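S.K.: Model the full structure from these sequences, guided by the hints.
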Amino acid sequence: MKLTVRVWRQAGPAAEGRLVTYPVDGLSPDMSFLELLDVLNQQLIAAGDEPIAFDHDCREGICGSCGVVIDGQAHGPERTTSCQLHLRSFADGAVVDVEPWRAKAFPVVKDLVVDRSALDRIVQAGGYVSAPTGSAPDAHATPVPKPDADLAFDNATCIGCGACVAACPNGSATLFTAAKVTHLSLLPQGGPERARRVLDMVEAMDAEGFGGCTNTGECVAVCPKGIPFASITTLNREFLAAARAR
Amino acid sequence: MSGYLTGDPIADTKAPGGPLENRWDARKFAAKLVNPANRRRHRVIVVGTGLAGGSAGATLAEQGYHVVQFCFQDSPRRAHSVAAQGGINAAKNYRNDGDSVYRLFHDTVKGGDFRARESNVYRLAQVSAQIIDQAVAQGVPFAREYGGLLDTRSFGGVQVQRTFYARGQTGQQLLIGAYQALSRQIGAGNVELHARTEMLDLVVDGGRARGVVARDLVTGEITTHLADAVVLATGGYGNVFSLSTNAKGSNATAIWRAHKRGAYFANPCFTQIHPTCIPRSGEHQSKLTLMSESLRNDGRIWVPKRAGDPRPPGEIPEDERDYYLERRYPSFGNLVPRDIASRAAKNVCDAGFGVGPGGLGVYLDFADAIARLGRPAIEARYGNLFDMYQRITAEDPYTVPMRIYPAIHYTMGGLWVDYDLQSTIPGLFVIGEANFSDHGANRLGASALMQGLADGYFVLPATVNDYLGGTRLGDVDPGAVARVETEVRDRIARLLAVEGTRSVDSFHRELGLLMWDHCGMSRTREGLRTALDRVPQLRAEFWRDVRIPGGPEFNQELEKANRVADFLELAELMLVDALAREESCGGHFREEHQTPEGEALRDDGNFAHVAAWEHGTPPVLHREQLVFEHVHPSQRSYT
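Protein sequence lines correspond, in order, to chains C and Y. 34 is the number of the first residue of the first sequence in the working numbering; add one for each residue after it. 7 is the number of the first residue of the second sequence in the working numbering; add one for each residue after it.
These are calculated hints, taken from the structure and not from any lab test. Source: prediction; values computed, not measured. Please note that a few of the clues may not be correct.
Selected chain C positions facing chain Y (Cβ under 10 Å, derived; list incomplete) [what the hints assert, rightly or not]:
| no. | residue |
| --- | --- |
| 1 | D82 |
| 2 | E93 |
| 3 | Q117 |
| 4 | V156 |
Where chain C lies over chain Y, by a calculated footprint (3+ residues, C-beta under 8 Å) [to be verified]:
| no. | region |
| --- | --- |
| 5 | 86-92 |
| 6 | 286-293 |
| 7 | 392-406 |
Quick reminder that beta carbons are idealized off the backbone N, C-alpha and C, glycines included.
M.R.: Here it is as C-alpha cells:
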C-alpha cells in the first residue's frame, strides 16, 4: 500500500518547525506505524537526508517511549500506543499527518521527540511509598482486599507516555497524576504519607506548567492503558481531604 | 579466524566455603563496612535503570551514598525490564506445596543445565522471599486472592506454585516499584540522574574502575563522570541478532567497552531462544513480540505434512498435519522445555514445512482445546494474549490457528563477576542480565526478575560496602581521563566521517541474520567457522561504508551506529566461545554433540566450567571450574 505522510520537522527546541510531505510506497498493512517511519527513514538516509527523530523502544506497547499525534489524535485512530497501531487502520493512498505531542510542559527536542521529564518530576515529588530496602514486613502481614488490589493495578498500568497531556486542550497532566495517586491511595502501604503525597504531586504538576483539568475527558479517550476517568474524581477527593486537614 | 589462547584458570575467591546455607551470612559478616557518616563522601555510578540498576541506585542512595545514575531512555521508567510478562519466583512456600529455598536453588541449577555456581544460586534463592516483601511494601499491586493474600502460579516445568505475578505485566509493576524508590532518592537529592545519556567508555586508573565517559544524546556533549565505584546494570546483548524480543535500544556497549578495558566476558555463547513469539510479517519487521509460553498448555503445535502446502490451515485435513512435538516427544508433547521446542520449530521450517510469510512459522492450534473446554474457558485463560496476537496479526486465534516462531530474548552470558558481583576490574560491579552469574546455560521462566532485584536490592549494596570500606582511593590521573575521552571523541568523529552508502540498519540486519543462522538455536563447527570468516569482513565494510546523516548532536543514527559497531565485535567473541565449547548444554546446541535421540549431550568431564574471556587478539580463555557438591549433574530426557 501507499501513504502520503506529512511529518513535523523541527531541527531543535528553538528552531522553526514545519510539516514536510513524504510519499511512501511499498507498505504492508501488517506494518506498525513506527515501521512506516522506519521505512521512510531508510528512504531519507538513502537520499542523503536526515531521518526523522522519534522516540521508541520496546515496540510492544509497554515502555511508554513512543507517542505521536496522528491526524490530530494522540497515538492515532486506535486506542493503543503508536507502536501497536498498524497500517491496516489506514486507507490505501491516504494522507496522514504526524506531529509531536503538543503541550507547554513538553518542549519539542527534535522533530517528533519531546521532553517529558516533567512527568518524572511529578513522581519525584511524592509518587512513591517510602519503604527503604530491608524495612519491609512479611508480604502477608497486611492483606489487601482483592477489589482494591485490582483497582490499584488498573491505575498502576499507566505507562507515562504523555498522550493524556497531548490530548488535553489545557495540556493538563491530571490523569497521569490521578493514576498514581489512586494506585497508592488504595493500598494500606504508604498510608501515613497519603495526604502529603497528593498535595506535593499536585503542587509539582502546577509548577511544571501543566494546565488545569476541566473534565473534558479527552485524556481518557486516548489513554492506551484505559486509565479510568473516575481516577480524576479520586484525585480531587484525596486532594480536598488533604487540603482541608492541612 | 577461530583461534584463541588459553590463559590461567580463574577462581571465584569471594565465595566463602562451609555449609551452603551459611555462605551469604558469612560473606556479609566478613565484609567491611563504611560508617554511615562517611558514605556521603563516596560517589557510586550506576549505569542503567532497569530492575537491577533502579533497585541498586535507590538502595545505595538510601544507605547514604551519592549515586550518579545514567539511562539512555528519556526516563528511568522505560528500561526494558518493563516488558517482562510472566512473573517472579520466590521461595515463600505460601502454598505449603513443598517449596523451599533448597528446592528453588536445586531447580535453578538443574534448569541451567549445570553450568552455574552453587553458591550464587543458593544466595539468589535465599533472598528471593525478601524481594516479594520489599515490592509489596512499595505498593506493587501483585495479584491477590479474595482473602487478600497474594496469589501465585506455576511456571515453566516447575512442580510448585512459587511465581508471584501482576497479570501479564509483572516486569512493569516491579520496575515501577524500583523507579518510584529511585524517584524518591532523586527528589531528595541523593541520586543525580542523567537521562538520555549513554555510557560510551569506562575510566580505569591504577587498575581500578573510577568513572565513565558518557554522551548526552540530546546535545551530543561528551563528559567524564568520576566515582569510587562503577556499577553496570545495562542488560543483555540479544540485539546482536538484530531481531529479538529486546527493546530497540537495548545494547551491549557498556559491557563491551568495559570488556575491552579489562573485564572478562563469561559464556558469551549462552543465549536463550523463546519458542512462542509472533513471527515476522515481512522485511520491514523491526522487532519481535513474545507470547507467554503458558499457551503451550492448551495449544497443539503442527505444520502441514507437505512442504510448501499453500492451503489455509482450516482446509488441511487432520491426517495431513504433522504434530511434530507430540510425535517426537510423546510423553511431554507440546510441553517440552524451551530450547527443545524452539529447535524443533526451526528444524521443520528449515526443511520447508513452515507456514506464513517466508515459511518461518508453525501453527499453535487451539481448536481442540476450544472444542473440549468451550471458548469461554479459553478466553478466561488466555484472553489478553489472544487480543494481543489479534492486534498484531489481524487474525482471530479463536478461529484460525496462531502462527508462532522462536526468537532470541535473553542472554545468560555477560561480564564475569565473582560472588561479590565484582568484575575482574576492581571497583567495577556488574548486576542483572549484564552479568553471567546465576542462570548457567539456560534461564528458567520468572527468574530474570528475581535475579535483577536480588542483585540490586540485596547483594550489591552489601558487597559495594566491602569494596569502598577496604580500598583507599586517590585522585584520578587527569591523563587517564583525557586518554579515554579522546578515544571516545575520535570514534564518534570516525563514524561520522565514513560517509558511505549503507545504512546502519542494513549492517545490523546482515549481522543478525548471520548470527541467527550460525549461532542461533543450533550450531555446527562449519557454520560457526563460516560466520567467523564473515563477521570481520562485515565489520570492515561497516567502517568503510556506513552512512550516518546528520551531525554529532541529537542523532539517532549515530546512536545506533555506535551500538552496532560494538555488536560487530561482540558477535565474534560469541562465535569463538560457541566453537570452543565442544558440547551441547542448555541453550547452546552443537549438532556434533547430541544423543542418538537428538538431545543435548553435555560433556561434564571437559566443559563443567565457566568460559571467561580476556580481551585480546586473539582472545584469551580463562576457565573457572564449576564444582557441584549438592546437585548432581544428570542427563535430561523428555521422550
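S.K.: Are the hints correct? Go through all of them and say.
M.R.: Evaluated hints:
1. D82: It holds, given that the least Cβ distance between C/D82 and chain Y is near 6 Å, below 10 Å.
2. E93: holds, 5 Å
3. Q117: holds, 6 Å
4. V156: holds, 5 Å
5. 86-92: This one holds; 3 residues, not fewer than the three required, reach chain C with a Cβ under 8 Å.
6. 286-293: Answer holds; 6 residues pass the 8 Å Cβ test.
7. 392-406: holds (count 4)
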